[in-house]
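Here is how the chains run, residue by residue.
Number of protein chains: 2
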Amino acid sequence: MEKLTEAQIEKHLENVEGWDYYDDAIHTTFEFDNFMDCFSVMTRIAMEAEKMEHHPDWHNVYATLEISLSTHDVNGLTEKDFKLAAAIEHIVGDE
Amino acid sequence: MEKLTEAQIEKHLENVEGWDYYDDAIHTTFEFDNFMDCFSVMTRIAMEAEKMEHHPDWHNVYATLEISLSTHDVNGLTEKDFKLAAAIEHIVGDE
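These protein sequences, in sequence, are chains A and B.
Just so we're aligned, residue 21 is where the first sequence starts under our numbering, counting upward by one.
Just so we're aligned, residue 21 is where the second sequence starts under our numbering, counting upward by one.
Note that these hints are calculated values from the structure, not bench results.
We treat Cβ as the ideally placed atom computed from N, Cα and C, and that holds for glycine.
Worth double-checking, as some hints may not be accurate.
Stretch by stretch, here's where chain A covers chain B in the computed footprint (C-beta under 8 Å, at least three residues) [stated by the list, open to error]:
# : stretch
1 : 55-61
2 : 66-77
3 : 80-89
Please work from the sequences and hints to get the whole structure.
Take a look at the structure:
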């Protein structure tokens, strides 16, 4: 997996609304109605991440879920991060 | 639920080895072999937390799980936090 250039990152960001790019990673925050809804989504994301062999850096407090994605091997972003971000958006959109 | 005094907190800490007390919360970190093992434990903790109606502040990256417990309503610690900490230790000990 190759590290994406700034231009490539800009292009990818157009497809994942609500994600911000800083500190060599992409970040987003979701708010759910309660912990159960939040953790249900986390479970679906966990399965997807495990299948992709690419895992999130995430922080949960009750119904709030903060997610950061990056690829440690390249110390930046790769296609994998945007693939996982798109999968997360799909999962959250389903709820 | 009443806010615990410093003396009560010291006493409770004796029963949950590996937890540190600072910033009005108790904290610990677990390292697992991989993401699947880590998330399996998170799932068991989530169920227990939901049953207790008391939820963790937690951060996961791959096989590392950082947990902080506190009771927002009292802006400090209550029996609930130590009850959840003990449940978490029990779950992790089972793995």
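Right, here's what the structure says about each hint:
no., hint, in the structure
1, 55-61, "holds (count 3)"
2, 66-77, "holds (count 6)"
3, 80-89, "holds (count 3)"
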